[in-house]
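Given chain A, put chains B and C in place with the hints provided.
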Amino acid sequence: MSLDEFFVTGDPLILGSQIAIGLTMVGLVALITYLKRWKWLWREWFTTVDHKKIGIMYILAGVLMFFRGGVDGLLMKAQTSRPELGFLDAQHYDEIFTTHGVIMILFMAMPLLIGIMNVVVPLQIGARDVAFPKLNALSFWLFFVGAMLFNISFVIGGSPDAGWTSYFPLAGKEFTPGVGNNYYAIALQIAGIGTLATGINFVVTIIKMRAPGMSWMKMPIFTWTSFVTSILIVAAFPIFTVALAFMSLDRLFGTHFFTVAAGGDPMLWLNLFWLWGHPEVYIVVLPAFGMFSEVIATFSRKNLFGYKSMVYAVAGIAFLSMLVWVHHFYTMGNSAAVNSIFSLTTIMIAIPTGVKIFNWLFTMRKGRIEFSNAMLWSLAFIPCFTIGGVTGVMLAMAAADYQYHNTMFLVAHFHYVLIPGVVFAVFAGLYYWWPKMFGFKLNEKIGKWHFWLFVIGFNMTFMPMFFVGLDGMSRRMYTYSESTGWAPWLGFSAVGSVVMAAGFAALCYNIYWSFRYASRDVGSDPWNGRTLEWATASPAPHYNFAVVPEVDRIDDFWYKKKEGKTGIKKSDLKPVHMPSNSWTPIFLGVAFGIVGFFLVFEWFTLAVISSILIVIGLVANSFDYDDGYHIPVDELEEEEREWRGELK
Amino acid sequence: MSSTHSSRFPWNHLIGFILSIALTLLAVFVKFYTSFSDSIVVWIIGTLAIFQALIQLFMFMHVTEGKEGWINVVNMIYSVFLALVIVFGSIWVLTSGHAAMH
Amino acid sequence: MTQANTPLEYRSHQSQMNILGFWIFLGAEIVLFSTLFASYFVLEHNTAGGPAGQDIFILKDVLIETFLLLTSSFTAGLAIHFMRNNAKNDMIVWTIVTLLLGAGFLYMEINEFIHYVHEGATIQTSGFTAAFFTLLGTHGAHVTFGIIWISLLLFQIAKRGITEKTSSKFFIASLYWHFLDVVWIFIFTFVYLKGMVG
Chain A
8 MSLDEFFVTG DPLILGSQIA IGLTMVGLVA LITYLKRWKW LWREWFTTVD HKKIGIMYIL
68 AGVLMFFRGG VDGLLMKAQT SRPELGFLDA QHYDEIFTTH GVIMILFMAM PLLIGIMNVV
128 VPLQIGARDV AFPKLNALSF WLFFVGAMLF NISFVIGGSP DAGWTSYFPL AGKEFTPGVG
188 NNYYAIALQI AGIGTLATGI NFVVTIIKMR APGMSWMKMP IFTWTSFVTS ILIVAAFPIF
248 TVALAFMSLD RLFGTHFFTV AAGGDPMLWL NLFWLWGHPE VYIVVLPAFG MFSEVIATFS
308 RKNLFGYKSM VYAVAGIAFL SMLVWVHHFY TMGNSAAVNS IFSLTTIMIA IPTGVKIFNW
368 LFTMRKGRIE FSNAMLWSLA FIPCFTIGGV TGVMLAMAAA DYQYHNTMFL VAHFHYVLIP
428 GVVFAVFAGL YYWWPKMFGF KLNEKIGKWH FWLFVIGFNM TFMPMFFVGL DGMSRRMYTY
488 SESTGWAPWL GFSAVGSVVM AAGFAALCYN IYWSFRYASR DVGSDPWNGR TLEWATASPA
548 PHYNFAVVPE VDRIDDFWYK KKEGKTGIKK SDLKPVHMPS NSWTPIFLGV AFGIVGFFLV
608 FEWFTLAVIS SILIVIGLVA NSFDYDDGYH IPVDELEEEE REWRGELK
Chain B
149 MSSTHSSRFP WNHLIGFILS IALTLLAVFV KFYTSFSDSI VVWIIGTLAI FQALIQLFMF
209 MHVTEGKEGW INVVNMIYSV FLALVIVFGS IWVLTSGHAA MH
Chain C
197 MTQANTPLEY RSHQSQMNIL GFWIFLGAEI VLFSTLFASY FVLEHNTAGG PAGQDIFILK
257 DVLIETFLLL TSSFTAGLAI HFMRNNAKND MIVWTIVTLL LGAGFLYMEI NEFIHYVHEG
317 ATIQTSGFTA AFFTLLGTHG AHVTFGIIWI SLLLFQIAKR GITEKTSSKF FIASLYWHFL
377 DVVWIFIFTF VYLKGMVG
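Going line by line, the protein sequences match chains A, B and C.
When the count follows the working numbering, it moves up by one through the first sequence with no breaks and lands on 655 for the last residue.
When the count follows the working numbering, it moves up by one through the second sequence with no breaks and lands on 250 for the last residue.
When the count follows the working numbering, it moves up by one through the third sequence with no breaks and lands on 394 for the last residue.
Just so you know, nobody snuck in bad clues.
Some chain A residues close to chain C (C-beta under 10 angstroms, calculated; not the full set):
#, residue
1, Val210
2, Ile240
3, Phe244
4, Ile246
5, Asp257
6, Leu275
25 angstroms max Cα-Cα, derived DSS-like pairs, lysine-lysine:
#, chain 1, residue 1, chain 2, residue 2
7, A, Lys567, A, Lys655
8, A, Lys141, C, Lys361
9, A, Lys215, C, Lys361
10, A, Lys655, A, Lys568
11, C, Lys284, C, Lys361
12, A, Lys363, A, Lys315
13, A, Lys141, B, Lys215
14, B, Lys215, A, Lys215
15, A, Lys581, C, Lys361
16, A, Lys225, B, Lys215
If you are wondering where the hints come from, they were derived from the structure by calculation, not from laboratory data.
Where is the CB? At the ideal position from N, CA and C, for every residue including glycine.
Bound conformation, chain A alone (with noise of 0.2 angstroms):
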């Protein structure tokens, strides 16, 4: 292979990016090095195994992916703000739309969500670590060369083009040569490879360390979200496992699983991407809800309307989400009894949603509610939600869905469901728990420019979708006449893209500025909160908690302020155990990506050698019988002295 082959050439947006690219890597190398930094960014980030450091890493990279698939989403409505654009051409916009979806689905929604995960679940369940901290560790890393290897692939060997679901035959190696589509196959894997680690991780997080008296029902509703999203992950994640693994072979061994001509079956590959795919939408969409329900309780100063329902809510939606992935492909051509029974379990999926709008709904009744920025986002979701909610029953009936299918409805449509789902919560959750994550709040006036900026342009990118969409646009198409009459439709589309751009700026703006002006002096529960992480210092001691909590009653922490009953005792204070930072996690991590990248270049031979890196990484793990070490009583006191004043 040539160096002209191996770097993509020819296009000056790529060129741009390269150099870019190029620039930056050396500009932070540089200025690390100046800084003296990479000692410490060794030790306390790089080799880690704290819940609260690995999740705001994973935010950290999740807001980077945003950007990232955000440029891609601007490249696309530029194409398309005008008739018969030549801005890009149609392998480029190919390319783009699939890395847009990729990115935005695996590589920013689940990151910033199992960021939060990370950060609050223990907190809130009163622990001191997940489970398997030098696990959770693997998760991350792996999921961030999972992340970055895909990511590489428009700048090194070309990007995948047969969208985000890869269907075959297109993304078979006779319609799709190159690398571009071996880099989805073996990128995603290994990032799933993490996630899958992650549900493990947050499953046995939850049964068992739990603080005493915090008995099933009494656990905070965003923890019961995370657990349900944890059960969905590892049900769902192993099936893409081999999906990916059916794809990998098909690619880079000549296997036919998915070509006709040799008995293979391409229809093989929806079936598994959607029993995969459909519970996929769910793992990002519960933990959302969690978050709404928490914020929606805390600034309206009620406690949630319904908590049980709330919680039979989800477990039935994780239930029914097992048994609706058909409805991706109804237009494959199945009998008639296969397609009703899908559309069915699909509208029944719509009561459980229901509930909890109604749920919410109520919480917010006669509440005294506060309008911070959080609570607006939780606002704003609820009318956009259901939009894309209700848009959904229309597309689950088959019959209906033969109009619908593949049109820029579709595309309306899971846009109104994703990005109130997932990403308004993850702004409600990010000003939620900033304090908790970083001492100090972000601005509510900057933080309102996002909300509005962002809210408004949401609406007026997507809203048009729907009417082009039943006008007969089909998606993923990279131009259209001027005949077609969309022109004015999806100009306006391209506006309300740039002005929710502004809105991702304003919070960059709003994180910067935070960081640099925003008063350090928060309290340790700058909400008035009802749930545990809020009974610790902000930002949250690496230990959690001096003394494990005990829980009476669900809410307990906001009974227990009532009662002024929050304090500790010196007497209390013990030892605390805490795990030792490893380097296999990254290291791990690292080799994986190595593989990972002669693999999809086919390179075996470096393949299988550099897989002695990862057998080198598990062994040492295998041997590692690091107990640990404890805080000692005194420093402990030391740090708790800071917050609370003397010790009783």
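The following block gives chains B and C in isolation, referenced to the frame of chain A:
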């Protein structure tokens, strides 16, 4: 939870082992030395396989042991449910409708 | 918490979590293998002119493989039995027997694959062979991984003795080994027996 700190002979394991060998031979017998129709054979040997899996699960893996025995049982039941959905769902979806028209 | 009759591998809270976590992982493995089975059932009859299962499967070899693996599952259970009686040497002996049986299984399986290739059934031949080799290969890869894993643990047991930590590690590995036997039972039944002419 069963008390397992005994130095008794592991009858449990031995019985499980003999049963699993016997069930395997029985399956071979049903397949090759009886004249049931193909679908009945699959049902019989499938049932035998499930019995063998249960032997492994209960007699070798002690699935109900430990403080979270019930969670293990729920976990296994749920996983089997998923397995049934994936296997029968995929077969149903991919071999009826368009695929039946070959 | 720590009663005298609690097996050593369940003593510490961390060990309990490790064992529970591994059970959850086995749940994920069930999903993984059922996806492989589902794909096999869908593609089973798509031989595209190549050999079908009934043309190439040999009952005798498959039965030997089955007995090797069933026996190894039994001996792995014995190893745990001796571990719980704190009989380190017996435990090591039965573990070595388990590993040898596992290696015997692998030897048979590799020979079986070579035989199929000579019969004209490679992984690239048809939808059927792709699904067949991938299902069998995934199981075989698991067995290989298990042999290496348990060998590493054997070193640790030999060096450190039967402690809270080594016993829980070994117990988890034994769960894995039994689980591979469960998977094999279904492969034996639904791939081999079902695929042969009665």
